[in-house]
Structures are given as C-alpha cells and as structure tokens.
Amino acid sequence: MSSAQLEVLLQTLISGLLLGGLYALIGIGMTLIMGVMKIINLAHGELMMVAMYIAYGLFTLFHLDPYLSVFIAAPALFVLGVLLQRFLINPVLKVDSILPENQVILTVGIGMVLANLATVFFTSDYRSTPVDYATKAWYLSDFWKGSPIELSLSFPWSISFLIAVAITIALWFFLAKTDTGKSIRATAQDNDAALLMGVNVGRMRVITFGLGSALVGAAGCLFIPIYYLYPDLGGQFTLIAFVITILGGLGSTVGAIVGGLILGVFESLTATYAGMGWAPVGRFVIFIAALIFIPGGVVSLLRRQKWGR
Amino acid sequence: MLEVRHIDVSYGDVQVIWDVSFSVRKGEVVALIGANGAGKSTILKTVSGLLRPGKGEILFSESPIHLTEAFHLIEKGIAHVPEGRRLFPEMTVDENLDTGSLKGTARAGREETRETVFNLFPRLRERRKQLCGTLSGGEQQMVAVGRGLMSRPRLIMFDEPSLGLAPILVKEIFHVITRIREEGVTVLIVEQNVKQTLAIADRAYVLENGRVVLEGAGAEVAGNEHVKTAYLGI
Chain A
3 MSSAQLEVLL QTLISGLLLG GLYALIGIGM TLIMGVMKII NLAHGELMMV
53 AMYIAYGLFT LFHLDPYLSV FIAAPALFVL GVLLQRFLIN PVLKVDSILP
103 ENQVILTVGI GMVLANLATV FFTSDYRSTP VDYATKAWYL SDFWKGSPIE
153 LSLSFPWSIS FLIAVAITIA LWFFLAKTDT GKSIRATAQD NDAALLMGVN
203 VGRMRVITFG LGSALVGAAG CLFIPIYYLY PDLGGQFTLI AFVITILGGL
253 GSTVGAIVGG LILGVFESLT ATYAGMGWAP VGRFVIFIAA LIFIPGGVVS
303 LLRRQKWGR
Chain B
15 MLEVRHIDVS YGDVQVIWDV SFSVRKGEVV ALIGANGAGK STILKTVSGL
65 LRPGKGEILF SESPIHLTEA FHLIEKGIAH VPEGRRLFPE MTVDENLDTG
115 SLKGTARAGR EETRETVFNL FPRLRERRKQ LCGTLSGGEQ QMVAVGRGLM
165 SRPRLIMFDE PSLGLAPILV KEIFHVITRI REEGVTVLIV EQNVKQTLAI
215 ADRAYVLENG RVVLEGAGAE VAGNEHVKTA YLGI
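Going down the list, the protein sequences come from chains A and B. Residues 3 to 311 (the working numbering) make up the first sequence, in order. Residues 15 to 248 (the working numbering) make up the second sequence, in order.
For the record, the hints were derived by calculation from the structure and aren't laboratory data. All C-beta atoms in this analysis are idealised placements derived from N, C-alpha and C, irrespective of residue type, glycine included. Treat the hints with caution; some may be incorrect.
Unchecked claim - Listed next, the in silico BS3-like pairs over lysine-lysine satisfying Cα-Cα at most 25 Å (straight line):
(1) A:Lys-40 - A:Lys-179
(2) B:Lys-117 - B:Lys-40
(3) A:Lys-179 - B:Lys-242
(4) B:Lys-143 - A:Lys-179
(5) B:Lys-117 - B:Lys-143
(6) B:Lys-117 - B:Lys-90
(7) B:Lys-69 - B:Lys-117
(8) B:Lys-69 - B:Lys-90
(9) B:Lys-69 - A:Lys-96
Claimed, not checked - Pair ranges (Cβ atoms, derived):
(10) B:Arg-137 - A:Lys-40: 48 to 58 Å
(11) B:Arg-121 - A:Leu-293: 55 to 65 Å
(12) A:Pro-150 - B:Glu-125: 50 to 60 Å
(13) B:Glu-83 - A:Ala-172: 53 to 63 Å
(14) A:Leu-303 - B:Lys-40: 46 to 56 Å
(15) B:Arg-121 - A:Pro-150: 56 to 66 Å
(16) A:Ala-172 - B:Glu-126: 29 to 39 Å
(17) B:Glu-129 - A:Leu-303: 30 to 40 Å
(18) A:Pro-297 - B:Arg-137: 31 to 41 Å
(19) A:Lys-40 - B:Ser-35: 31 to 41 Å
(20) B:Gln-29 - A:Asn-104: 49 to 59 Å
(21) A:Lys-40 - B:Gly-118: 26 to 36 Å
Could you put the whole structure together from the sequences, leaning on the hints where they help?
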C-alpha cells in the first residue's frame, strides 16, 4: 500500500468514526425508547429534524451558535417527546385490543405530521447554518513537520463528536448511578417486577420518550453545522437509527454506541471506495447482514464473550 | 394486618378466583397451598395490585388497597417476592437491591438494610458486582428475597420461593423465612412444597380450583386426611 492509499484509508476511518459518534447518539435515543416501551419509534428522525429547525431558527434570528442551541433544542424536544407520549402514545398503549404494531404505525403518523408541518412553515428549501468555522480544520503536518502522510481533522466534525461523547457519558452516568436511571432500566428489563419495586412505570415511559427525543434533538444540533436541512430529512435518519438499533441489539445502549460507530465507518468506507451515492446501499447491506449473521446484535456477541468465561 | 374479603379475579373472561377470603395477622406466617393452577399466584398478584379483583375488597392495616396503583404498595409496607424471581438480569446484585429501596425511609436507610441482607446471605456480598443474569438459581432467589427485604416491609409475600432449587437451598430459604419472621415481619407464603411450608406456618389455607376449601393452624391442616392424601402423599 502506497502512502497515498494509506492516507485515504486513514482519512476515511477518521471521518467514519466522527460520523459514527453522532450516529451513536441518534441510535441511543431510539434504543432507549425501544427498551422501555417495546416499540420502534419511527418518528425518531423527524424529531431530529424539528430540533434542527429550532437550531436553524435560533441561528438566523439571534445568531446563536448551533452548538449552544443544544441547551435549548434538547429541552424543547424533551417536552415535545413527553407531550407526544402522554397524549398520543399512552392512550393507544392502554387499549388492550390494539396490537403493538399499531403503536408503531402511530409513530409513523406522528413523523409524517411533523415533516409536513415543517414544509408548511419553512417550505421545502434546503437550509443551513453558515458558521464561520465550517471549513476550519487541523492538519497533521502542523503538529508533525516531517509527517510522511497528511491527515486532516475537521473542526466542526470534531466538536460535534466530542459533544456527542460528552452527552453519552452523561447519559451513562444518569442510567447507571441515579435512582431514576435505575428505574428506567428496571422498567425496560421487567415491567411487572419494576411495578412491584414501586417504580411508576407509566411515568418512566413518559420520561424515557422525552429523554430519547432530547438525545436525538441534541444530535440534530450537532449535525446542522456540518449538514444541511430540509423537511424530509427525517426519514433517512429514522432509517439510520433503526439500522443502528438492529445492529447493536434491541434496547442496548452499549450496542447502540458500537452499532453507530460500525455504521459510520462502513458508510464512510463505501463513500470513499464505491462512491458517495452508494452509502445508503452500504447501510442496507449492513442491515441485512446484521439480521442474518448476528440476529441478537453486537451486544449478543459481547455477552457471549463475557458469559463464556 | 391483611384482610382479603370475598374477592373474585378473572383473566379476561375466565374467572380463576371465586369468593376467596383470608386474613393475615401481625407477626404471623400464613401459607396458601394448593396444586398448580389453583390460583395461589393470582391471589398474590391481586394483593400487590398487578391484577384487580372483579368483586370484593382487600384491606391492609384497615385501609382498602384493592384500587391502589401497584407501585404505591411497596411504600405502604408490602413487599412481593414474585414467582420465578423476576430479577433485573442486566443489573448487578447491588443494583437489584437498590431497586428494592427506591422510596421513602427505605431509600434513606439503603446501605444499612443492604448490610442486613448481606449478613443474611453472605454469598451475595461476594457477588455484589456481578450481573444477576449470570447467577445460579439459588443465588438469584437470595437476591430476590434480599430485594424484597430492602423495602423494609411490614408484610412480605413469597411466591414459590423454593421453586427449582436444590434441597439444601430449599432448607436455607425456609430457614431465612423463619429468621425474617423473628425480625417481626409478617409473612404470607405461597408454596407447592407443602410439607416444609406447613412446618413453619402458623396458619394455612388450602386452595382448589380458585376456592378456599380448608383453613386452620399449620399442624391442623397438615393432619387433615384430604391434605395428607392429596398433597403430602401419605
């Protein structure tokens, strides 16, 4: 392998990991909701789209940096998620005769309504937040003069990645160390046993849906400086979140992180070596491969390792 | 302490409990015994609010609880150690014990109660960082009992605590139940292991097809001809 080829490969892996970190954040939100409520939230990408329009609005109206709008958009999405769960999904959950599939269909409907509302209010034009650091980057040769290869690290991508990592660590701390976090995990693992332990399971569902929405909302704010925005963007990210959830193992946070990174790297590799347009195809290939070869997701492999010892 | 009065319970259209009444007095060990499908577990689930009685009422410390949301009952002092343990498999022993003490005074005294539980089951102290899904059946049952005790209950209900355990562990579990009773906790126990249960029970109710067919002191029930032939195989 020549140094030029090595350079391309390393550069591809770097952008893949940075992308994967953001994907992981999107996937964690979906997998949390999946774990507690046993339904796939097919409005997940649309919720992200809503957060992106919030960040876009704050940027155009008040020149607020998209990274700072995380602190507004994520809480706003938490409230939106809570309201959706409380007034739309919970009433449907209560009706025994309705199959779980119907709640999933309800989330599809919610997603459609959100996408169409966005079209009504913002038209279907492409939007972006032109920040002045958008093209800033660090170069390896700046740090190591005699470097045989040249690698670059985009400033906004790196910041987005680091914030995504910070949010993930904060979430881990919340789930592992606080009583509310433990109650959420208890509800996901055994609903009735959680009730017997005094967990208000209904409230945990509402909090979890809010939390999942806030996470994907934060991801939206991290995406907008490096991406563009239009009302139908949600569907694509719902699919990405779904693939990550399947790849990682339903309901597993660790699985979602690993799944997000794998998907990011894989997409980056397909984009480099097969062409930009093939990235969605790569996504489907990995989705189907996961279903066939590791039906329990990455987390089932990890678990087998640990328990085999 | 616990008064169950004339309850009927159904799963959908199928009624499984017919006009059942029983009571548990403070400090007693009371047993509900009967064959598979007699309705024992259903009764415990109804007391802890997972199921609603179609008719009748349930009183705990003189106040009705049959309309109370299930998650409020642990604060009132009722702990339910469910059939099949129902631990949170992806959580460690410590975390499972934490989930038993989420509310009120139990939350404040969590570490103190944990010590009591570890003294009762020294094995759990060694395994406290281990995921519960990886424990043996006996250890899981210990965690389940410990998790119930973490709420500092006034009444603790055991659903088939000896199910699937080796004889030596069954003995240990029954020994622990008598120790819990000595600590002043009232016990309601559902069991198929009739002989050992009757040996520790003050009073017992025999259930058949969702009805109470016999009640009396533990020894008295054990001496009953019908119980001898049907449950003790003598």
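Outcome of the hint check:
no., hint, verdict
1, A:Lys-40 - A:Lys-179, "23 Å, holds"
2, B:Lys-117 - B:Lys-40, "23 Å, holds"
3, A:Lys-179 - B:Lys-242, "52 Å, violated"
4, B:Lys-143 - A:Lys-179, "14 Å, holds"
5, B:Lys-117 - B:Lys-143, "23 Å, holds"
6, B:Lys-117 - B:Lys-90, "10 Å, holds"
7, B:Lys-69 - B:Lys-117, "30 Å, violated"
8, B:Lys-69 - B:Lys-90, "22 Å, holds"
9, B:Lys-69 - A:Lys-96, "22 Å, holds"
10, B:Arg-137 - A:Lys-40: 48 to 58 Å, "34 Å, violated"
11, B:Arg-121 - A:Leu-293: 55 to 65 Å, "43 Å, violated"
12, A:Pro-150 - B:Glu-125: 50 to 60 Å, "58 Å, holds"
13, B:Glu-83 - A:Ala-172: 53 to 63 Å, "31 Å, violated"
14, A:Leu-303 - B:Lys-40: 46 to 56 Å, "52 Å, holds"
15, B:Arg-121 - A:Pro-150: 56 to 66 Å, "60 Å, holds"
16, A:Ala-172 - B:Glu-126: 29 to 39 Å, "30 Å, holds"
17, B:Glu-129 - A:Leu-303: 30 to 40 Å, "38 Å, holds"
18, A:Pro-297 - B:Arg-137: 31 to 41 Å, "35 Å, holds"
19, A:Lys-40 - B:Ser-35: 31 to 41 Å, "37 Å, holds"
20, B:Gln-29 - A:Asn-104: 49 to 59 Å, "29 Å, violated"
21, A:Lys-40 - B:Gly-118: 26 to 36 Å, "30 Å, holds"
The structure fails hints 3, 7, 10, 11, 13, 20 (numbered hints given earlier, in ascending order).
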